[in-house]
Amino acid sequence: MPSPLIDRSSGKMLPRSLARLLLVFLLGYGLVMPQRSALAQPALEYQVKAAFIYNFLAFTHWPGNGAQVINLCLYGEDHFGQEIDKLQNKSVGARPIKVLRSNDPEQLKQCQAVFFSQPVNDNLTGIMRSLSGKPILTLTDHANAISKGAIINMNLIDEKIVFEINLGSARKSGLDISSKLLQLAVKVHQ
Numbered sequence: 001m002p003s004p005l006i007d008r009s010s011g012k013m014l015p016r017s018l019a020r021l022l023l024v025f026l027l028g029y030g031l032v033m034p035q036r037s038a039l040a041q042p043a044l045e046y047q048v049k050a051a052f053i054y055n056f057l058a059f060t061h062w063p064g065n066g067a068q069v070i071n072l073c074l075y076g077e078d079h080f081g082q083e084i085d086k087l088q089n090k091s092v093g094a095r096p097i098k099v100l101r102s103n104d105p106e107q108l109k110q111c112q113a114v115f116f117s118q119p120v121n122d123n124l125t126g127i128m129r130s131l132s133g134k135p136i137l138t139l140t141d142h143a144n145a146i147s148k149g150a151i152i153n154m155n156l157i158d159e160k161i162v163f164e165i166n167l168g169s170a171r172k173s174g175l176d177i178s179s180k181l182l183q184l185a186v187k188v189h190q
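Those letters in the sequence shown? Residues 1 to 190, per the numbering used here, in order.
A couple of the hints might just be wrong.
To be verified - Taking lysine-lysine pairs in the DSSO-like style, the calculated list, with each CA pair at most 30 Å apart, reads: (1) K160 / K187; (2) K134 / K180; (3) K148 / K180; (4) K86 / K187; (5) K134 / K172; (6) K98 / K134; (7) K90 / K134; (8) K148 / K134; (9) K148 / K187; (10) K172 / K187; (11) K180 / K160; (12) K109 / K187; (13) K172 / K98; (14) K148 / K172; (15) K109 / K98; (16) K109 / K86; (17) K180 / K98; (18) K109 / K90; (19) K109 / K172; (20) K180 / K86; (21) K180 / K109; (22) K86 / K160; (23) K160 / K90; (24) K98 / K160; (25) K86 / K134; (26) K90 / K172; (27) K109 / K134; (28) K98 / K187; (29) K160 / K148; (30) K134 / K187; (31) K90 / K187; (32) K180 / K90; (33) K98 / K148; (34) K148 / K109; (35) K98 / K86.
I should point out that these hints are in silico values taken from the structure, not numbers from a laboratory.
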């Protein structure tokens with residue numbers, strides 16, 4: 001079960017209805033990306049994707065409650081910069097998030113979640129095959145990744161981040177994706 005949202009200014013928990021509204025806003029409708037310079041827009045895009053990744057982790061259940069720490073691994077080029085590192089200060093329930101970067105497919109088996117950057121597309125099928133059946137949440141942001149076995153794929157459509165979920169791959173990996181998250185996906189593949 002995801003941890004409650006806390007208002008940092010007062011230290012108080014936000015009411016469930018407000019927390020749900022925030023989740024719907026972030027995940028269901030995506031965040032509209034304001035017009036920015038060509039240099040600033042990718043940074044904003046990955047800032048929003050980092051927030052999505054946190055919510056994907058919060059609404060995924062690993063078998064046997066998983067490891068004590070959630071190792072979130074980045075594979076390939078790092079477009080997030082420091083945005084993804086901000087997740088290291090957060091936890092999902094009692095499990096802290098640790099952000100790791102790797103270009104070695106063998107190291108990915110130590111991760112509970114892996115984000116694959118776009119340039120990895122050529123190697124993605126083989127890597128997905130090697131991770132298949134392991135309790136690893138695979139995340140991407142490029143075309144055709146779902147057909148290659150990725151569990152969650154994010155896309156930028158009309159300046160909004162939307163996502164699709166491969167429920168068959170999640171089940172094969174022993175992961176339980178929250179029904180709330182499934183309802184917010186633009187497409188759920190069986």
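Verification of the hints:
1. K160 / K187: The given pair, whose Cα atoms are some 15 Å apart, holds under the 30 Å limit.
2. K134 / K180: 23 Å, holds
3. K148 / K180: 24 Å, holds
4. K86 / K187: 28 Å, holds
5. K134 / K172: 8 Å, holds
6. K98 / K134: 19 Å, holds
7. K90 / K134: Satisfied, since the Cα-Cα distance of roughly 24 Å is no more than 30 Å.
8. K148 / K134: 15 Å, holds
9. K148 / K187: 16 Å, holds
10. K172 / K187: 18 Å, holds
11. K180 / K160: 19 Å, holds
12. K109 / K187: 27 Å, holds
13. K172 / K98: 24 Å, holds
14. K148 / K172: Given that 30 Å is the threshold and the Cα spacing comes to 14 Å, the pair holds.
15. K109 / K98: 15 Å, holds
16. K109 / K86: 23 Å, holds
17. K180 / K98: 25 Å, holds
18. K109 / K90: The hint holds at about 22 Å.
19. K109 / K172: Satisfied, since the Cα-Cα distance of roughly 15 Å is no more than 30 Å.
20. K180 / K86: Answer holds: K180 to K86 is near 24 Å, not above 30 Å.
21. K180 / K109: OK: K180 and K109 at ~27 Å, within 30 Å.
22. K86 / K160: Distance ~22 Å between K86 and K160 Cα, so the pair holds.
23. K160 / K90: 24 Å, holds
24. K98 / K160: At roughly 27 Å apart (the allowed maximum being 30 Å), K160 and K98 satisfy the hint.
25. K86 / K134: Given pair K86, K134 holds - Cα atoms ~26 Å apart, limit 30 Å.
26. K90 / K172: 28 Å, holds
27. K109 / K134: 8 Å, holds
28. K98 / K187: 29 Å, holds
29. K160 / K148: 23 Å, holds
30. K134 / K187: Measuring from Cα to Cα gives roughly 23 Å; hence the hint holds.
31. K90 / K187: With a Cα-Cα distance of about 28 Å, the restraint between K90 and K187 holds, given a limit of 30 Å.
32. K180 / K90: 21 Å, holds
33. K98 / K148: 26 Å, holds
34. K148 / K109: 18 Å, holds
35. K98 / K86: 10 Å, holds
Violated hints: none; the structure is consistent with every hint.
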